[in-house]
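S.K.: Spelled out, the chains give:
2 protein chains.
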Amino acid sequence: MSSHWEDFFASHLPPSDFEDNRTLLKEFCERHNQDNQQIILITSGGTTVPLEHNTVRFVDNFSAGTRGAASAEYFLDHDCVVIFLHRHKSLEPFTRHFTGLQFMDMLELQEDGQNTTITVKPDSVDVVAPILKRYKASHDTGKILYVNFTTLSDYFWLLRAACECLADYGARAILYLAAAVSDFYIPSSEMPTHKMQSEAGAPTISLKLVPKLLAPLVNLWIPQAFVVSFKLETDENLLITKCRDALKKYKHKLVIGNILQTRRNKVVFVSPENSYEISLTREQVLNGMEIESQIVSNVISCHSHFLKTNY
Amino acid sequence: MSSHWEDFFASHLPPSDFEDNRTLLKEFCERHNQDNQQIILITSGGTTVPLEHNTVRFVDNFSAGTRGAASAEYFLDHDCVVIFLHRHKSLEPFTRHFTGLQFMDMLELQEDGQNTTITVKPDSVDVVAPILKRYKASHDTGKILYVNFTTLSDYFWLLRAACECLADYGARAILYLAAAVSDFYIPSSEMPTHKMQSEAGAPTISLKLVPKLLAPLVNLWIPQAFVVSFKLETDENLLITKCRDALKKYKHKLVIGNILQTRRNKVVFVSPENSYEISLTREQVLNGMEIESQIVSNVISCHSHFLKTNY
Numbered sequence: 001m002s003s004h005w006e007d008f009f010a011s012h013l014p015p016s017d018f019e020d021n022r023t024l025l026k027e028f029c030e031r032h033n034q035d036n037q038q039i040i041l042i043t044s045g046g047t048t049v050p051l052e053h054n055t056v057r058f059v060d061n062f063s064a065g066t067r068g069a070a071s072a073e074y075f076l077d078h079d080c081v082v083i084f085l086h087r088h089k090s091l092e093p094f095t096r097h098f099t100g101l102q103f104m105d106m107l108e109l110q111e112d113g114q115n116t117t118i119t120v121k122p123d124s125v126d127v128v129a130p131i132l133k134r135y136k137a138s139h140d141t142g143k144i145l146y147v148n149f150t151t152l153s154d155y156f157w158l159l160r161a162a163c164e165c166l167a168d169y170g171a172r173a174i175l176y177l178a179a180a181v182s183d184f185y186i187p188s189s190e191m192p193t194h195k196m197q198s199e200a201g202a203p204t205i206s207l208k209l210v211p212k213l214l215a216p217l218v219n220l221w222i223p224q225a226f227v228v229s230f231k232l233e234t235d236e237n238l239l240i241t242k243c244r245d246a247l248k249k250y251k252h253k254l255v256i257g258n259i260l261q262t263r264r265n266k267v268v269f270v271s272p273e274n275s276y277e278i279s280l281t282r283e284q285v286l287n288g289m290e291i292e293s294q295i296v297s298n299v300i301s302c303h304s305h306f307l308k309t310n311y
Numbered sequence: 001m002s003s004h005w006e007d008f009f010a011s012h013l014p015p016s017d018f019e020d021n022r023t024l025l026k027e028f029c030e031r032h033n034q035d036n037q038q039i040i041l042i043t044s045g046g047t048t049v050p051l052e053h054n055t056v057r058f059v060d061n062f063s064a065g066t067r068g069a070a071s072a073e074y075f076l077d078h079d080c081v082v083i084f085l086h087r088h089k090s091l092e093p094f095t096r097h098f099t100g101l102q103f104m105d106m107l108e109l110q111e112d113g114q115n116t117t118i119t120v121k122p123d124s125v126d127v128v129a130p131i132l133k134r135y136k137a138s139h140d141t142g143k144i145l146y147v148n149f150t151t152l153s154d155y156f157w158l159l160r161a162a163c164e165c166l167a168d169y170g171a172r173a174i175l176y177l178a179a180a181v182s183d184f185y186i187p188s189s190e191m192p193t194h195k196m197q198s199e200a201g202a203p204t205i206s207l208k209l210v211p212k213l214l215a216p217l218v219n220l221w222i223p224q225a226f227v228v229s230f231k232l233e234t235d236e237n238l239l240i241t242k243c244r245d246a247l248k249k250y251k252h253k254l255v256i257g258n259i260l261q262t263r264r265n266k267v268v269f270v271s272p273e274n275s276y277e278i279s280l281t282r283e284q285v286l287n288g289m290e291i292e293s294q295i296v297s298n299v300i301s302c303h304s305h306f307l308k309t310n311y
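Protein chains in written order, with my numbering: chain X, 1 to 311; chain B, 1 to 311.
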């Protein structure tokens, strides 16, 4: 049963842009580390597990990245500094509100001789302006850093590097681990080099358990931080038990549980002391409120309470 | 060996928005079916194969959708009418040139009392204007229809429906099958209902071969059309042979072969009569030329030749 995290790092090379990202992370953390500044590392989106070395096929986890991207906006609204470690092409804060086609449709071209201008159509300004303001407020002050991953192994390397950079923040660091990380992978040594040929018949894929990074993360990499993990289940009967099992096993601070089908309107907060549900009323949903605004407020108060009682 | 396409349709329900899409396809095809109008069905992006009924995990095929999205632009430039049947969230014509963050960064907010306007920054206008013009030309005249899929089964249902709507075009229809369709799937009957639990140990997944739709497509659904398929390989030695095998097996008109690592600069056209390579020079690449502009010109001349010699 060799599913240890150290073996995984030993048998998977860091992504090719790893050193660049490590430098960005280090500089970002140092620049903002002053006074009582809180910092949030958000992980978001799913990881992939290649089935071939020259990757054509991979196993992916369902996750658009809505939870992480929406939460990033609300953490920024609360004056936090945010590292947004997300799956390449998953949803991002602010831009998530528009598709590319919506963007194009909002634009209007004016040609006046040599002079071409492009404006946002008046009837779209009301929608875009408030989002653009929040976007500029966070970006102009450099309060958010975007780092992206695709494979499980990219994620492993970047998460560890981020934790190392965050260690100086001690208890002021919040880890908000919303990414949907693969539970299974195919070891490098058992992977074919080329695309599997369908002529060879249908293959059987033997998967291996992915080592859980929460263990070294909590025990070794960043022991003082306020670590929040997520549990996604499809079977309601298993949810709270599984959240509690995770807390017992990894000894972190908070698990936020959710059921695939109802995750947009309801979550459960499970801490070592208690558990309670957070949900939106029908009216709140109709008014466009997002559950992430409530989740983030609650995480911030749990964190404040944690700081007061422990330091 | 029950891998027949009819069994697949019989055991997979159509996607929930299937009837809406079928109506859109029908209306679009009828509206444009006049004179000598050519119509192109482009399929683009990868299909997913769920591993669970309440899908958390799935097997995906690597494909950003660049080939299909870029080709759509060039077909529109050639005055063709385009059905863009693509994987949800894969690249789309025109919008593919910008990420969401790039869009936000290009915008500038002016507030003058009650009056808010948003413009594209002058230094971005040169980049956006030509793309926006081409976009508006195609969209204002309704020359492109977007239909999207996610799973293999969505793709099957929509492709067949599109073929049925295109049948009236006869030889004026081009099918440009650039989507990366899964070769393997897990039969519905062998799929667990809930998320696989990692406590149960690492699973072994037995896959089944996906029936090839090219066979009924060419023989039954749209026998007169000019059908172009793509072959992506990672092993250069297999490429031409595999293209030729596909032509012999399915008896369509053209296979465009490409190697994963060089697909942006080089492809090979394989027809029953001959085969030739199309590639970009280093200079063309540096000037920003895309191989899809060449592929599309060549497909259009092959199609013209086909019309002349057959009708």
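Among these hints, one or two may not hold up.
Identical copies carry no separate label here, and so any pair may be met within one copy or between two of them.
In silico DSBU-like pairs for lysine-lysine, Cα to Cα no more than 35 Å straight-line [stated by the list, open to error]:
# : residue 1 : residue 2
1 : K26       : K121
2 : K212      : K89
3 : K208      : K26
4 : K133      : K208
No wet-lab data here; the hints were simulated from the structure.
S.K.: Work down the list of hints and note, for each, if the structure agrees.
M.R.: Cross-check of the supplied hints:
1. K26 to K121: between (41 Å within a copy, 32 Å between copies)
2. K212 to K89: both (24 Å within a copy, 30 Å between copies)
3. K208 to K26: Classified as within; 33 Å inside a copy, 47 Å across copies.
4. K133 to K208: Neither way: K133 and K208 sit 46 Å apart in one copy and 51 Å across, limit 35 Å.
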